[in-house]
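Chains A and B are the protein sequences, given in the same order.
Numbered by our numbering, the letters in the first sequence go through residues 1 to 360 in order.
Numbered by our numbering, the letters in the second sequence go through residues 1 to 278 in order.
I should point out that these hints are in silico values taken from the structure, not numbers from a laboratory.
Bear in mind the structure is a predicted one, so any value in this text is a computation, not a measurement.
Mixed in with the good hints there might be a few duds.
Far from chain B by the CB rule (all over 10 Å, computed), these chain A residues [stated by the list, open to error]:
| id | residue |
| --- | --- |
| 1 | His95 |
| 2 | Glu198 |
| 3 | Val215 |
| 4 | Gly224 |
| 5 | Glu254 |
| 6 | Ile259 |
| 7 | Asp349 |
No more than 20 Å apart at the CA atoms, straight line, and that leaves these computed lysine to aspartate or glutamate pairs for DMTMM-like [claimed, not checked]:
| id | chain 1 | residue 1 | chain 2 | residue 2 |
| --- | --- | --- | --- | --- |
| 8 | A | Lys160 | A | Glu254 |
| 9 | A | Lys79 | A | Asp107 |
| 10 | A | Lys306 | A | Asp107 |
| 11 | A | Lys210 | A | Glu198 |
| 12 | A | Lys130 | B | Glu240 |
| 13 | A | Lys280 | A | Glu269 |
| 14 | A | Lys124 | B | Glu55 |
| 15 | A | Lys341 | B | Glu55 |
| 16 | B | Lys39 | B | Asp244 |
| 17 | B | Lys39 | A | Asp107 |
| 18 | A | Lys280 | A | Glu68 |
| 19 | A | Lys130 | A | Asp282 |
| 20 | A | Lys306 | A | Glu251 |
| 21 | B | Lys226 | A | Asp349 |
| 22 | A | Lys138 | A | Glu327 |
| 23 | A | Lys341 | A | Glu327 |
| 24 | A | Lys163 | A | Glu327 |
| 25 | B | Lys136 | A | Glu75 |
| 26 | A | Lys213 | B | Glu55 |
| 27 | A | Lys130 | A | Glu276 |
| 28 | A | Lys199 | A | Glu329 |
| 29 | B | Lys226 | A | Asp354 |
| 30 | B | Lys226 | A | Glu251 |
| 31 | A | Lys280 | B | Glu240 |
Backbone N, C-alpha and C define an ideal beta-carbon position, used for all residues, glycine too.
Residues per chain, in single letters:
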Amino acid sequence: MFVTTPLAGTPTAQQPIAAARRLTFLSGHSTLRGTLSALALALIGLGAAPAPVHAETLLNVSYDPTRELYREFNEVFAKWWTDQGNEAPTIEASHGGSGAQARAVIDGLEAQVVTLALASDIDKIAEAGKLPADWQSKLPHNSSPYTSTIVFLVREGNPKGLKDWGDLVNEGVEVITPNPKTSGGARWNYLAAWAWAEKNGQDPQEFVGKLFKNVPVLDSGARGATTTFAQRGIGDVLLAWENEAYLALKELGEDQFDIVVPSVSVLAEPPVALVEGNIKNDEQRKLADGYLNFLYSPEGQALAYKHFYRAWDDSAANPEDVARFPELELVGIDHFGGWSKAQPEHFGDGGIFDQIYVPK
Amino acid sequence: MRSPLIHRSPMPGLGLSMGITLTMLSLVVLLPIGALLLKGASFGAGNIWETVNRERIWAALFLSFRLSFFAALFNLVFGTLLAWVLVRYRFPGRRILDAAVDLPFALPTAVAGIALTALYAPNGPFGSLAAAVGWKIAYTQWGIFIALIFVGLPFVTRTVQPVVEEIEREVEEASATLGASRFHTLRRVILPMLMPAALTGFALSLARAVGEYGSVIFIAGNIPLKTEIAPLLIVIQLEEFNYDAAAAIGIAMLLISFAILLVINLIQVWSRRRIGYV
Chain A
1 MFVTTPLAGT
11 PTAQQPIAAA
21 RRLTFLSGHS
31 TLRGTLSALA
41 LALIGLGAAP
51 APVHAETLLN
61 VSYDPTRELY
71 REFNEVFAKW
81 WTDQGNEAPT
91 IEASHGGSGA
101 QARAVIDGLE
111 AQVVTLALAS
121 DIDKIAEAGK
131 LPADWQSKLP
141 HNSSPYTSTI
151 VFLVREGNPK
161 GLKDWGDLVN
171 EGVEVITPNP
181 KTSGGARWNY
191 LAAWAWAEKN
201 GQDPQEFVGK
211 LFKNVPVLDS
221 GARGATTTFA
231 QRGIGDVLLA
241 WENEAYLALK
251 ELGEDQFDIV
261 VPSVSVLAEP
271 PVALVEGNIK
281 NDEQRKLADG
291 YLNFLYSPEG
301 QALAYKHFYR
311 AWDDSAANPE
321 DVARFPELEL
331 VGIDHFGGWS
341 KAQPEHFGDG
351 GIFDQIYVPK
Chain B
1 MRSPLIHRSP
11 MPGLGLSMGI
21 TLTMLSLVVL
31 LPIGALLLKG
41 ASFGAGNIWE
51 TVNRERIWAA
61 LFLSFRLSFF
71 AALFNLVFGT
81 LLAWVLVRYR
91 FPGRRILDAA
101 VDLPFALPTA
111 VAGIALTALY
121 APNGPFGSLA
131 AAVGWKIAYT
141 QWGIFIALIF
151 VGLPFVTRTV
161 QPVVEEIERE
171 VEEASATLGA
181 SRFHTLRRVI
191 LPMLMPAALT
201 GFALSLARAV
211 GEYGSVIFIA
221 GNIPLKTEIA
231 PLLIVIQLEE
241 FNYDAAAAIG
251 IAMLLISFAI
261 LLVINLIQVW
271 SRRRIGYV
């Protein structure tokens, strides 16, 4: 008896079923009319969305670690551009994982300028037809206005005595790096370790495999890995972009971490490009061209040095910013046959990196 | 014009409201799922199977569904208990606690993930206690489990709460006067009434946990075969511009979820029939 008490509050699980049951009876014109009117409403809503086309706007789609660089660069450039007698431009920058940013541009994000971590990401945008295939030859230095390399960030005093890549595979050493499958920077980490093993007579595949066996956490991006190492206290060494490592020292305190420069590392050339397909008119092209060329100007280069990138032209840079970079042997992507070869061979589906984790 | 099959509702406005509902449902739910299935159809069932039938992907799917199931089970028990406490007892701070139940809904999942990681990392307040007894939480499957509990808890509590409110005291009193012990009343009278709602909450909580990415990714450690969740594999495939493989894994998850939700629905139908109200 009491169990038949009707429960008004019984939740809505049965309602969709009831709705579906009712739906099967519906074929009358009243429903059609309803659908049409609702569609019309939706269309009005969409049509009303404004689409402002303003010449003096620029969207720079970039990757994660350039946040601080482009914040300052955009201000300096806007001022310089206005001083040249142009109208004040609106410059926006978007940051995220390099691959995800490339996908966003392919899927329709209206970036006039892309400044990403890997040439292969911009190649993908070119494949989608938004810029010419020979984009990398349009600007000096393979379209890379600044470069960086991979260094070790260790805890203060380097308690585990990590000096070079060979020390990282020792038992009990925990290495923090993001996942090469999701992070452009991590691919450079992997390739740097590979290059060291080659130059020191070790089997590179085995060496890199051992290295990744010492990784307790694989974050999806460079910033996440820095947080895991610096804030969560996980790991003995962080493989990081040189500019990220210096930034971590600056932001988190020089008394907590040390930078260790290995004997061999990579020359990472983050490229920039103008996205032809998203340029609306000549005014905007002029602005985008000016923006990219300013990256190569002495002022632009000085800013890159200031934000811990190894740039090319130090004529206007603060000598202190230039002097902090130690000399080391740098290996470029050409050594691995370019990204078009290295990417599928090492990081593609079933590539060498995937094989590290295949249980024997 | 009038077909005998069309049952006209005496309520006005059915046409318009049904039209709006169908349009919205199509735009928001049916079209994206349809697009996913279409992508899969163009890829081919054989290719989908080949993509999914790999140890690493099975490991991730098994991990995602297993931990989601246990997290939903945990929420089923403690979410129901929480609903009971919030409705039946009066204590200081009850309203604040009641409001706090919704927080996992409101908080961006990334914030939740980072907060949980900070708490349970070996140098965090809870994590350091656990580390003292040699128990690692963050960056292990325990961490994933905790994050999934966090995002799923409100579903059970919020579905069970109104049902508890509707249970009249007379029912329990009648049970007692007929000689039932307190435990017997709970088992034979109260739990059967809560069962359908609790199962709905369980299903929602499970479904949410299976698809959860934002919070888990920070606490998981993401080591292949150990702490790699299925949604991360989809992101990895996208990162390689491999849309087909991403869709294949998505479809596999969709099918498994659908099968599980179907089973839960059948259990609900069965339990309703058994205890008498449909």
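Failing hints, ascending?
-> Hint check: 3, 4, 7, 9, 10, 13, 14, 15, 18, 22, 23, 25, 30, 31 fail, others pass.
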